[in-house]
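Novice: Construct all of the structure, not just a fragment, from the sequences and the given hints.
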Amino acid sequence: MKNSFTIITLLIFTLITVSSCNNTEEKDKQIIKGTISGLENNPVVLMDDKFFPLDTVQATNNSFVFEHKLDINNPKMQGIYLPQLANKPGDLKGKRNKAYFFIDSKNINIKGEILDDNLLNVKVTGSPITKAYKHLEANFPASIEMEKYAELYKKAFKLYNDIEQSEENLKNLNYYSHILDSLNVVKGQNIVDAINTNSESIALSYIAYNRFKRKSPEFLKNLVNKFSPSIKDSHYISLLNKQIELKENSSIGAMAPDFELANHVNKNIKLSDFKGAYVLIDFWASWCGPCKREIPYLKQAHEKFKDKGLKIVSVSLDSTKEEWLESLEEENLPYIKLWDEKLITKDLYQYLGIPWTVLVNPEGRIVKLNEGLRGEDLEKTLKELIQ
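Number 286 in our numbering belongs to position 286 of the sequence shown; there are no gaps in the numbering.
Treat the hints as calculated values from the structure; they're not laboratory data.
From the three backbone atoms N, C-alpha and C, an ideal C-beta is built for every residue, glycine too.
All the pointers check out, no bait thrown in.
Distance windows between CB atoms, simulated:
#1 Phe219 with Gly353: 16 to 26 Å
#2 Ile163 with Ser228: 48 to 58 Å
#3 Lys292 with Glu113: 39 to 49 Å
#4 Glu260 with Arg293: 23 to 33 Å
#5 Ser251 with Asn332: 31 to 41 Å
#6 Ala150 with Glu260: 36 to 46 Å
#7 Pro128 with Lys158: 32 to 42 Å
Specialist: Quick look at the structure:
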């Protein structure tokens with residue numbers, strides 16, 4: 001009898017514990033609800049902070065619900081994507097098919113409507129940081145002016161491209177384009193000024209990261225120091241610090257970041273395999289006209305300096321292997337050919353566009369970035385360095 005009582009007690013305790021754990025898990029989940037008129041019963045994709053698919057649900061009568069356990073104590077900008085509004089070949093303008101928001105509370109509600117194949121009039125409630133972000137973006141002094149001149153630019157663009165390509169219309173188009181460029185610079189200063197008075201803002205850290213992540217390490221260090229220590233471990237401050245590290249590691253004088261990629265016959269090759277030689281890394285793609293114009297100069301350099309120890313490594317950023325291999329056949333490159341399928345070198349070398357050319361010395365240090373490595377200057381630079 002005593003044993004039966006003990007077993008029953010243990011069973012009750014176990015059920016209570018399991019129930020408590022389940023309730024805790026339910027409490028920890030974030031609920032993201034939405035109602036979008038015109039959505040009907042189509043799928044909705046929840047995106048992670050890199051805007052890759054995280055989950056997909058099927059809407060019912062324009063409504064959807066996501067339940068996820070996410071870290072609301074370190075919120076990130078995420079969003080939803082509507083596959084029914086995916087851009088198709090022949091679309092002249094990109095469709096609005098996404099809505100962005102921070103997941104910083106347990107209950108977030110999204111409302112919107114689909115009009116003319118675009119997701120419009122989106123309103124997000126339940127997210128204080130999203131509200132702060134939208135307020136900031138709308139109220140930077142330059143943003144208000146930019147909105148006004150953007151409308152004038154659109155009209156001038158339509159007038160020049162659809163009505164008459166006259167000198168007067170082109171002059172007006174260039175005038176409004178110049179004003180928008182100038183206002184964009186002013187907006188950058190608006191953002192810095194806002195940080196000075198609101199240094200604990202997660203919304204501002206996101207804006208600053210997206211606006212300034214390509215700036216110099218010195219600029220980024222000063223920027224990070226403007227934010228309050230209370231958010232130093234937050235997601236976007238951490239990303240800014242990571243950018244500083246990446247930029248310092250890919251600048252002149254730094255040891256060239258190593259990478260490993262497959263060549264045209266699927267053999268993996270590392271940059272460090274060529275330590276002891278000068279290595280010219282050429283980041284390019286088959287669709288890049290300026291890149292292809294550099295190829296004759298790279299071939300000449302290969303021919304003149306290959307016996308003096310120069311290794312030329314071409315790293316293709318083509319989106320498909322077929323495009324890359326087809327371009328190799330067309331160009332007949334005589335040097336090392338690699339394909340960066342996942343763009344792992346983009347962060348490592350912080351290139352802003354292509355062609356992007358890097359010269360590494362025999363010790364493995366970066367000695368040149370772009371300057372002196374293009375056109376006829378390439379041979380002159382190599383002559384000075386390689387005896």
